[in-house]
Amino acid sequence: MRQHPHHRLNHRRVNRTLTRPAPIIDLSAAPVRSADLGENPRPPKRRSVARRRSVLDYEPLSRKRRERLEELRTGDGRPLPEHLKAQIGRELDRLELTLQQIKSVETERDAMLSPSDEGTRAPGAMLQNLKGIGAEFAGVLWSEGLFRSFSNRRQVAAYAGLAPTPWRSGSVAHEQGVSKAGNPRLRTTMIQLAWLWVRHQPRSILTLWFHQRVALNGGRARKVLIVALARKLLIAFWKYVTTGVVPEGAETTAS
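Using this note's numbering, the first residue of the sequence shown is number 4, and each one after it goes up by one.
Among the hints, a few may not be true.
Straight-line alpha carbon distances no greater than 30 Å define the calculated DSSO-like cross-link-like pairs of lysine-lysine that follow [said to hold, decoys possible]:
| hint | residue 1 | residue 2 |
| --- | --- | --- |
| 1 | Lys-226 | Lys-242 |
| 2 | Lys-134 | Lys-67 |
| 3 | Lys-67 | Lys-106 |
| 4 | Lys-88 | Lys-134 |
| 5 | Lys-67 | Lys-183 |
| 6 | Lys-106 | Lys-134 |
| 7 | Lys-183 | Lys-242 |
| 8 | Lys-235 | Lys-183 |
| 9 | Lys-134 | Lys-242 |
| 10 | Lys-88 | Lys-67 |
| 11 | Lys-134 | Lys-183 |
| 12 | Lys-106 | Lys-88 |
Have a look at the derived ranges for each label pair, beta carbon to beta carbon [stated by the list, open to error]:
| hint | residue 1 | residue 2 | range |
| --- | --- | --- | --- |
| 13 | Arg-97 | Gln-195 | 21 to 29 Å |
| 14 | Asp-113 | Arg-157 | 17 to 25 Å |
| 15 | Val-249 | Ser-146 | 52 to 60 Å |
| 16 | Glu-85 | Lys-183 | 47 to 55 Å |
| 17 | His-203 | Arg-151 | 22 to 30 Å |
| 18 | Ala-138 | Val-227 | 24 to 32 Å |
None of these hints come from the bench; they were simulated from the model.
All figures in this text were calculated on a predicted structure; none of them were measured in a lab.
Beta carbons: idealized from backbone N, C-alpha and C, even for Gly.
Sequences are here, hints too, so could you generate the full structure?
Here is the structure:
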C-alpha cells in the first residue's frame with residue numbers, strides 16, 4: 004500500500020531533532036527573567052502591572068507614585084516582591100519619560116501659537132478665537148496643513164484627503180467617496196472637530212446645513228455628511244487664517 008507523501012517519516016528531520024543538544028536553562032533567575040520578558044516596551048496602561056497583582060489602590064499618575072510604591076501590598080496583605088517592585092519601577096520610568104515628552108511638545112505648541120514680538124496674533128492662534136477650538140486642535144490644523152500655500156479650495160480639501168473622487172464611465176460622470184490620499188492626521192482631526200463644531204456652534208451656517216441634510220435623509224447618513232462638513236469646515240478655516248473672514252454664523256470667544 005502506497006503512503007501519502009505527508010504521512011512519510013522524514014528520517015533526516017528525526018535524526019536532527021534527536022541529536023540536537025538540549026538548551027541549558029538557569030532556573031535561579033526564572034522569577035525575575037520571566038517578568039522582564041513579559042514587559043511591554045510601549046507606554047504602560049494605567050494600573051497595568053499593579054492591577055494584575057491585585058493591587059487596586061495605586062495611582063501611577065499621582066505625584067507620590069514613587070513613595071506609594073514602597074507602601075503597596077498584595078491582595079492578601081503581603082509586601083510586594085522585589086522583582087515586582089523593580090518591574091513596576093521600570094514601567095514608571097517609561098511613564099515619566101512619556102509625560103516629559105508630552106510636556107515638551109505642549110511647550111513647543113504654545114510657543115508656536117503665541118503672539119509674535121510685534122504683538123500680531125499668529126495665524127494658527129486665530130483659530131482659538133472660534134468657540135470649540137482649543138490649543139491642541141489649533142496646533143494640529145496649523146502645523147499639519149494650514150501653514151501651506153494653496154491656490155484654491157479643492158487643493159485644501161485634497162491635501163487632507165477630504166476631496167471627492169471623480170468617476171467617469173462613457174457619458175456618465177459623477178463624484179464618489181473621498182480619496183483618503185492626503186494627510187491622515189489632518190483628516191482625522193477635522194472629522195473629530197466636525198462633531199464638536201455641531202455641538203459648540205449650533206447657530207453656524209455650516210451646522211444648520213448639516214442638520215438640514217440629515218433631516219432630508221431621514222436621520223440617516225450622518226457619518227457621510229460629517230465628512231462633508233469636515234471638508235467645508237477646513238475650507239472655511241483656510242479662508243479665516245488667510246483673509247480673516249470668520250465663518251458665517253460662528254461664535255468667537257470674545258463675543
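Is the distance from the Cβ of Ala-138 to the Cβ of Val-227 consistent with 24 to 32 Å?
-> holds, 30 Å
30 Å Cα cutoff - pair Lys-235, Lys-183 | Holds, at about 16 Å.
Sort out whether Lys-134 lies within 30 Å of Lys-106, counting only the CA atoms.
-> holds, 25 Å
Distance restraint evaluation - Arg-97, Gln-195, Cβ atoms, bounds 21 to 29 Å | holds, 27 Å
Keeping to a limit of 30 Å between CA atoms, is the pair of Lys-183 and Lys-242 held or broken?
-> Given that 30 Å is the threshold and the Cα spacing comes to 22 Å, the pair holds.
Mind checking the hinted window 52 to 60 Å against the Cβ distance between Val-249 and Ser-146?
-> violated, 22 Å
Straight-line alpha-carbon gap Lys-134 to Lys-67, limit 30 Å | violated, 36 Å
Are Asp-113 and Arg-157 spaced within 17 to 25 Å by their CB atoms?
-> violated, 33 Å
With a cut-off of 30 Å on the C-alpha distance, tell me whether Lys-134 and Lys-183 pass.
-> holds, 28 Å
Taking 30 Å as the top limit, are the C-alpha atoms of Lys-226 and Lys-242 close enough?
-> With Cα atoms ~25 Å apart, Lys-226 and Lys-242 stay inside 30 Å; holds.
Taking only the CA atoms, is the gap from Lys-67 to Lys-106 under or equal to 30 Å?
-> holds, 19 Å
Could you say whether the range 47 to 55 Å given as a hint is met by the Cβ separation of Glu-85 and Lys-183?
-> With Cβ atoms ~51 Å apart, the hint holds.
Of the hints listed earlier, those the structure fails to meet are numbers 2, 4, 5, 14, 15, in rising order.
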